Amino acid sequence: MEMKKKAGLFQVAASLALVAGVAATAPAIAHHSFALYNMEQTLMFTGVVTRVNPDANHLQIFFAPMNEERKNVQRGEDGKPVIWAVEMTGSAQAAADGISVGTFPPGTIFSVGLHPLRSGEKAGARVNPGSIYKCPEKKPPAPGMQCDSVEGHVTIGGGQLPGAAPAR
Amino acid sequence: MEFAGLVNDIQASAIGEWMRSSLKAMPVVEATHVLAATMVFGTVLIVDLRLLGIPNATRAFTRISDELLRLTWWAFGLAVVTGSLMFAANANTYVINTAFRLKMLALLAAGINMAIFQGATLRGVGGWDVGVAPPRAARLAGLLSILLWVTVIMLARWIGFTKGYNFVVPDDPNIKFDF
Chain A
13 MEMKKKAGLF QVAASLALVA GVAATAPAIA HHSFALYNME QTLMFTGVVT RVNPDANHLQ
73 IFFAPMNEER KNVQRGEDGK PVIWAVEMTG SAQAAADGIS VGTFPPGTIF SVGLHPLRSG
133 EKAGARVNPG SIYKCPEKKP PAPGMQCDSV EGHVTIGGGQ LPGAAPAR
Chain B
128 MEFAGLVNDI QASAIGEWMR SSLKAMPVVE ATHVLAATMV FGTVLIVDLR LLGIPNATRA
188 FTRISDELLR LTWWAFGLAV VTGSLMFAAN ANTYVINTAF RLKMLALLAA GINMAIFQGA
248 TLRGVGGWDV GVAPPRAARL AGLLSILLWV TVIMLARWIG FTKGYNFVVP DDPNIKFDF
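Order-wise, the sequence lines are chains A and B.
Its first residue numbered 13, the first sequence is counted upward by one per residue in the working numbering.
Its first residue numbered 128, the second sequence is counted upward by one per residue in the working numbering.
Quick caveat, the hints were computed from the structure, so don't treat them as lab data.
Predicted model, so just to flag it, every value in this text is computed and none were measured.
Backbone N, C-alpha and C fix where the C-beta goes; we use that ideal spot for every residue, glycine too.
Incorrect hints may have been included.
To be verified - For each label pair, taking beta carbons as the anchor points, the in silico distance ranges come out as:
(1) B:LEU150 with A:ALA154: 36 to 44 Å
(2) B:ARG228 with A:ALA47: 43 to 51 Å
(3) B:ASP298 with A:GLY156: 13 to 21 Å
(4) B:ARG228 with A:SER131: 24 to 32 Å
(5) B:ASN301 with A:GLU80: 53 to 61 Å
(6) A:LYS134 with B:LYS303: 14 to 22 Å
(7) B:MET281 with A:HIS44: 18 to 26 Å
(8) B:VAL161 with A:MET157: 17 to 25 Å
(9) B:LEU198 with A:ARG87: 53 to 61 Å
(10) B:ASN301 with A:SER45: 42 to 50 Å
(11) A:LEU48 with B:ASP305: 30 to 38 Å
Said to hold, decoys possible - To give an idea of the interface, some chain A residues facing chain B are shown, with a C-beta separation under 8 Å as derived from the structure:
(12) MET56
(13) PRO66
(14) ASP67
(15) PHE74
(16) PRO93
(17) ILE95
(18) ALA104
(19) GLN105
(20) PRO118
(21) GLY119
(22) ARG130
(23) GLU133
(24) PRO153
(25) PRO155
(26) GLY156
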């Protein structure tokens with residue numbers, strides 16, 4: 013009887029520990045769903061940074077995607093550059109990874125993969141894991157290529173460019 | 128210096144950079160800001176409810192306000208410091224955020240309401256300090272105060288959900304679109 017009681021207590025304690033463990037680690041993995049992004053689709057961009065929003069929850073990089081020739085950025089019917097945004101971790105974690113207002117000033121050319129929003133808005137979540145490559149200043153890659161092909165590029169995040177299609 | 132330049136300088140300051148890049152700064156400062164705001168609203172609410180006669184008028188109004196409002200001021204000071212630190216981290220985004228602007232307006236309105244109450248209505252407190260219902264002006268000040276502080280809190284939370292996307296291309300000579 014005493015043994016049974018002890019085993020029961022052990023089970024309760026173990027269950028509580030499991031729940032506490034899950035509760036402690038879950039927020040670190042994801043504090044919200046990614047349902048608003050189409051995680052099945054990956055778009056690859058090489059573009060020019062227009063602004064960085066160092067938001068505490070999700071840093072955003074706004075950029076003008078370059079055309080396939082890598083000579084100009086894509087423009088809308090009004091002649092203005094088309095702007096996309098890539099979102100990622102909070103500004104502090106991003107800064108620890110090397111992504112900040114200071115390291116991505118306006119005009120920076122970089123390559124990134126993202127999962128676009130389902131809403132159709134021109135924004136998406138950074139592919140993770142997946143590298144971001146910064147081109148050397150004002151040196152875009154060759155036609156159809158990404159910044160990882162340019163000599164002197166900077167790699168952020170380690171690993172490779174996410175397998176993505178179509179290349180932009 | 129123009130306003131946009133000042134805001135940009137605040138964001139580019141060493142404090143702004145520290146708030147953005149430290150893994151611990153924002154969570155600690157933000158939690159402290161919430162605690163300070165809780166203290167401000169909690170103490171203000173008790174004083175305001177007393178003005179509205181809730182729960183009753185048996186305790187002197189001046190005793191309640193003297194005991195609590197000193198805590199309110201300490202907490203408000205802490206909220207201003209922590210709020211300024213959070214603002215510095217991303218000033219360029221906050222300053223164009225509608226919820227943030229409305230929150231600042233609501234804070235200003237709460238301050239004006241309090242100044243009018245302290246400067247005018249409170250002068251006659253001797254006549255209604257204890258045992259009788261406060262005059263209409265005092266009750267109105269209490270009600271307005273509660274509504275304005277609830278608005279401040281609601282808008283403060285709203286900021287986090289309305290930063291959205293700013294696709295506007297800034298006028299920056301460093302941005303080159305053709306190579």
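Was the hint right that ILE95 (chain A) lines chain B, CB cutoff 8 Å?
holds, 4 Å
Is it true that LEU48 (chain A) and ASP305 (chain B) lie within 30 to 38 Å of each other by Cβ?
holds, 34 Å
Quick check on a hinted range of 24 to 32 Å for ARG228 (chain B) and SER131 (chain A), using CB atoms only.
holds, 25 Å
13 to 21 Å as the expected CB spacing between GLY156 (chain A) and ASP298 (chain B), which holds or is violated:
At 31 Å between Cβs, range violated.
Would the hint on GLY156 (chain A) stand, with a C-beta cut-off of 8 Å toward chain B?
With a closest approach of 15 Å, the GLY156 (chain A) hint is violated.
If you check the beta carbons of ASN301 (chain B) and SER45 (chain A), does the distance land in 42 to 50 Å?
violated, 37 Å
Against chain B, is PRO153 (chain A) within 8 Å by beta-carbon distance?
violated, 10 Å
ASP67 (chain A) as an interface hint toward chain B, with CB separation required under 8 Å
Holds, because the Cβ-Cβ distance from ASP67 (chain A) to chain B comes to roughly 6 Å (cut-off 8 Å).
Interface hint status, ARG130 (chain A) versus chain B (Cβ within 8 Å)
Nearest chain B Cβ about 15 Å off; hint violated.
So the hint says 53 to 61 Å: do the beta-carbon atoms of ASN301 (chain B) and GLU80 (chain A) match that?
At 24 Å between Cβs, range violated.
Should the interface hint for MET56 (chain A) be scored as holding, given a Cβ-Cβ cut-off of 8 Å against chain B?
violated, 19 Å
Chain B contact restraint for GLU133 (chain A) - C-beta distance below 8 Å:
Because about 7 Å separates GLU133 (chain A) from the closest Cβ in chain B, which is inside the 8 Å limit, the hint holds.
In the structure shown, a violation is registered for the earlier hints numbered 2, 3, 5, 8, 10, 12, 22, 24, 25, 26, in ascending order.
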